[in-house]
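The residues making up each chain are set out below.
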Amino acid sequence: MSECVEEQQTRHYRGRWHGFGPVQDDEQLIFAVFDRTARNDDSLMPECFKQLSGSSESVGRARYVTRQVFDSKIAQPGMQAKGALIGIAIANTRSIRGLRTDITINHRTASYRSICVTDHVEAGDYDGHATMGYAEPIEALGQTLKGKKRMAVRMDLANQFSKIKVVQSHSWPARVAVLGGRLLSIVREASKTLNWSRST
Amino acid sequence: MSLSQIFDQPGMTIGNSPFPIDWVRTLPINSSPAGEISPRAATNVIETQGRPRTQGHMSKLYVPSTSSAVHDAPLLGSASIFDVSRAVRQIEVLSDVPIIFVSSPTTLYAIQASGSAKSSYQSGISYTLLEARSVPVSKPPMGGPSELVSKISAARAAASVDPESVEIADAATIDAIKLVERNRLPGSPRVIFSNDGILALQWQRDEYGAALMFAGDAIASIAFRKPGQFYAENGIDIGIEDDLPLRFTEALAKIVA
Chain R
2 MSECVEEQQT RHYRGRWHGF GPVQDDEQLI FAVFDRTARN DDSLMPECFK
52 QLSGSSESVG RARYVTRQVF DSKIAQPGMQ AKGALIGIAI ANTRSIRGLR
102 TDITINHRTA SYRSICVTDH VEAGDYDGHA TMGYAEPIEA LGQTLKGKKR
152 MAVRMDLANQ FSKIKVVQSH SWPARVAVLG GRLLSIVREA SKTLNWSRST
Chain V
226 MSLSQIFDQP GMTIGNSPFP IDWVRTLPIN SSPAGEISPR AATNVIETQG
276 RPRTQGHMSK LYVPSTSSAV HDAPLLGSAS IFDVSRAVRQ IEVLSDVPII
326 FVSSPTTLYA IQASGSAKSS YQSGISYTLL EARSVPVSKP PMGGPSELVS
376 KISAARAAAS VDPESVEIAD AATIDAIKLV ERNRLPGSPR VIFSNDGILA
426 LQWQRDEYGA ALMFAGDAIA SIAFRKPGQF YAENGIDIGI EDDLPLRFTE
476 ALAKIVA
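Just so you know, the protein sequences line up as chains R and V, in that order. Everything in the first sequence is counted per the numbering used here, starting at 2 for the first residue and increasing by one. Everything in the second sequence is counted per the numbering used here, starting at 226 for the first residue and increasing by one.
Keep in mind that the hints were calculated from the coordinates and are not lab data. Note that the structure is a prediction, hence the values are computed from the model and not measured. Any given hint could be a false lead.
[To be verified] Simulated restraints, written as ranges between beta carbons of each label pair:
#1 L180(R) <-> K451(V): 17 to 27 Å
#2 K166(R) <-> K451(V): 23 to 33 Å
#3 R409(V) <-> S170(R): 18 to 28 Å
#4 S413(V) <-> R15(R): 26 to 36 Å
#5 K83(R) <-> S413(V): 36 to 46 Å
#6 G181(R) <-> A443(V): 53 to 63 Å
Glycine included, each C-beta is placed from N, C-alpha and C at the ideal position.
Required output: the full structure, derived from the provided sequences and hints.
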């Protein structure tokens, strides 16, 4: 079974020439924490991830989210629904993609990815938006086992995030750096297109 | 004996009460009107899960449609606690004193049936409430397995569970309480409900952790975390009535040490 194939190509609604391309392993992800976000002191609690099914748990790509974008596109809308902004928690994409789940079927146990991270951007989203979701093998399980595996995965996922820190302590990228990332994404896509046309 | 009389007796214990009585009697009884329920509540029937004793968990509180007056009883803190379809989450009858603990989505209530009549009802034993009082519960109790039981009940009451998963969450709560009451679990685990009704008790310190997960299927799934191993990468399933495996109790002892 292929694992997280949706990570390989951009999920930007306007196509591959837009946004920043698929989320790279070396990127950091930002999870905004609000008053009603489940947390234990300064740590995220597993139940704060409520949108993992359907791959719609929103995170920001730290490299491409300026402070202004965070305030206007993440903090303000979030505060309306979830209360006052508390801070942010950070995780490495590589460590989230490294989460594994053992699934036993017919007495055979196999290891699968737990979480997929995609650059899912829909109309109205900011370009540095990404989503996390359960990997397909977990979603294919029966109700009870799926529920327990999802719970275990959420515990693992919560452990990948940093302690909650105040927004001011984060190193937000400058707009010019984000623009550079945008150009790099275009170059990457152009390179792919060139390689594809050469191989055919 | 009225509920307030029971609560006013210092140090009195009621069977295996999930709430230490010293704590219960300090409840702000007057913060919500408490009093007798309409006599029509006498038609209420509680069904046990086939347990022919006054102590045990029960799954359903039946309210005849003709008892709609109960819902409007002005002296009841929250009349909806008698509507099982909307609010009742967990019910316990304690020892020989017919005290029932019910948690609504926002509050835990203790209800006393001052007179009880036992009779066969299908496969279980039923109780007829002749009189009942309600007391809002808003403070965590102290000490022992009952502390965790209360924590689980409170977490269930506060949990946001998808409507289609409410039965799973209720069954998971009952399973967890059964296991907790049978085993002396150390430490103070996180009690986590997912929106699909799964209940987890999680003990974690730094890189080490252990978790019990319940889905209301009478099976507890145990998972461990340690460096190089995720919770989702392992698991042991045991029956709710089974003894906890040594590996789990040893891991727990290390985590809470």
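Against the structure, the hints come out as follows:
no. : hint                            : in the structure
1   : L180(R) <-> K451(V): 17 to 27 Å : violated, 44 Å
2   : K166(R) <-> K451(V): 23 to 33 Å : holds, 26 Å
3   : R409(V) <-> S170(R): 18 to 28 Å : violated, 42 Å
4   : S413(V) <-> R15(R): 26 to 36 Å  : violated, 49 Å
5   : K83(R) <-> S413(V): 36 to 46 Å  : violated, 26 Å
6   : G181(R) <-> A443(V): 53 to 63 Å : holds, 57 Å
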